[in-house]
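Chains as they are written, first to last, in the working numbering: chain W, 1 to 124; chain X, 1001 to 1501.
These aren't lab readings, by the way, just hints derived from the structure by calculation. Hints should not be assumed to be uniformly reliable.
Unchecked claim - Computed Cβ-Cβ distance ranges for the label pairs, DEER-style:
(1) X:Leu1431 with W:Ser95: 30 to 40 Å
(2) X:Leu1216 with W:Leu16: 22 to 32 Å
(3) X:Glu1309 with W:Gly101: 54 to 64 Å
(4) W:Gly101 with X:Phe1212: 16 to 26 Å
(5) X:Ala1060 with W:Ala21: 30 to 40 Å
(6) W:Thr99 with X:Pro1336: 34 to 44 Å
(7) X:Pro1336 with W:Lys64: 54 to 64 Å
(8) W:Ala98 with X:Phe1212: 23 to 33 Å
(9) W:Leu105 with X:Ala1176: 50 to 60 Å
(10) W:Lys64 with X:Ile1138: 55 to 65 Å
(11) X:Leu1012 with W:Leu111: 19 to 29 Å
(12) W:Leu70 with X:Leu1431: 47 to 57 Å
(13) X:Gly1190 with W:Gly53: 27 to 37 Å
Ideal placement from N, C-alpha and C gives every residue a C-beta, glycine not left out.
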Amino acid sequence: MKPLPSMASYVPVMLLFILAALVAGGMFTATTYLGPKNPNPTKEYPFECGHLGEGSGDVRPSVKFYMTALLFVVFDIEAVMIYPWAVEFRSLGWSGFATMGSFILVVFVLLAYVWKKGALEWEK
Amino acid sequence: MKDALLALAPILVVAFGGLGLMMTEAFGTRKKGGPASDLALGSFIVFMAGAVVSASLWAAGPEQLPGASSTAPWLIVDRFTLFFDTVLCLGAGLSALMAGGYLPEHRLDRGEFFPLLVFSTVGAMILAASGDLLSLFIGLETMSIGVYAMVGFRRGSLRSTEAAVKYFLLGSFAAALLLYGGALIYGITGKTDFASIGAAIKNGLGGRQADFGMLLVAMVLVLAGLAFKVSSVPFHMWTPDAYEGAPTPATSYMAVAVKSAAFAMMLRVLLGVFGDSASMSWGTGWPPVLAALALLTMTVSNLIAGRQESVKRMLAYSSIAHAGYVLVGVVAVIKPGSDAQASVLFYLLSYTVSTAGAFAALILCGSRGREAVSFEDLAGLGKRHPVAAFALSFFLLSLAGMPPTAGFFGKFYIARAGIGAGLNVLTVLLLLNSVIAAYYYLRVMVFMYMREPAPGAPSAIPMRSGYVTAAIVLSAVLVVLLGVWPSTSLKVAIDSALTFR
């Protein structure tokens, strides 16, 4: 039996992480202590693309996007399953076809369910 | 492939039953009485079908099935799996019956509860069958996600939402610990299936000393994750809040099925992965850790349970205490050739019917807007509603371990296995703790039969529901059967034990 790789082979990866943390942390520390600071009201103002802020920052954005995102993840994973199956389609034969068929059937039931439940309606 | 389908029939029956229920819930027409009552019957039938299929495969002998080996190591179909499949379907079926009465009574009449219950049970069955770190994690998450949603089912209630968030965060944390431990094990051995990992550890990991330190870390992480799931002290903090905030059928499901599946996972991991003689010795392995957990779990939870004002919370602490008793049996497994595993399996079966019965009886004691949760609510119930009071007393006596109920023989076999494995201190503590536990179980009966409700206090009015009554009758019959003929089920449990070494 081939000897298993030791955990020691992962040490370079850890060194890379440590190095990255040191470089990033060092840059922040250095600019905090070395950079000149001349604050004035215009500099302190929050801005985006040059526009001044408008209205209150305390608004409630609609979160109905979460349902779309959730469904996207579910149906996207389906594609992840189907691609490798398509590559091996010939060697898997009819039994592979039946397996994937039942999988797609289950996903179809799910689609029918979310459709009926109104999860696909953007405005209700 | 046909053979594999037959071997996986219990899981498939429940899973496709769940799909059917989901479609019925979405497309079915609403009848009078709401969808919950129809779906409760539907899911009960699905669970009973699952239990019957598992039991018949058990009786036929899974080693006879040509497909049983083709699903290994991801899903292992042996008598151990089929035993747990039956117990899980039984516990979940009782919860479905309870929900059929509870949800309409408390204006939670939404059909989604039942598909959640069914799919969560599918996860639990995968968990009990898993022989690989990957399928273990998939089973664990499938089971847990359904339960998180069921705990937060009472959406208007702050307490229910708090319970769900707490359970979700701590449960995910525990899953992360387990996953981290699994990742370290994979890093050390390069394998994900239990048998190969166990063999690699037995062969000394290629003689690399540094990896043994890493293995110890992995073992601690995995044990912590497992202890979280069986809610053992000191990883029990979420249990009382989650159990109290959840709708009672979900509480029963968590106390019964989730805990049984977690113990199945624990036995599979401890015996499959850490089953070598070094890991199973008192000096260098997990027995001292689990023994300490068992000791803490029994003692701390029993002391706190006696001080509770809410019966539901008391039952939550009592379920933690029972996890402690089972852990004594799990530690006793280290003695080769003992019936310790069988005692654990028998205990989980008897605990399932007693606890589910107790929660069903507690549901029966309350009605709309007035869920009987505190001891005061139950005052004088024995005179006003003798049937509900009697049912609750009966199951509490079984939990306390009074002969001739199922609970007595559960404790008896665990204690016998403990003495057989030389765990004298733990076994004596188990018996002492049973005496302490009798105090708070009997206290419920004192309130029901010997106290009058305070004048002017709103008292609990029992509800009427055929479903809840059916759940009580079914559990009562099983409690009596297990108490009067324990030897048959013990023999079944002995035959179901995992083989190792």
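Hints broken by the structure, by number, lowest first? Structure breaks hints 1, 4, 5, 8, 9, 10 and 13.
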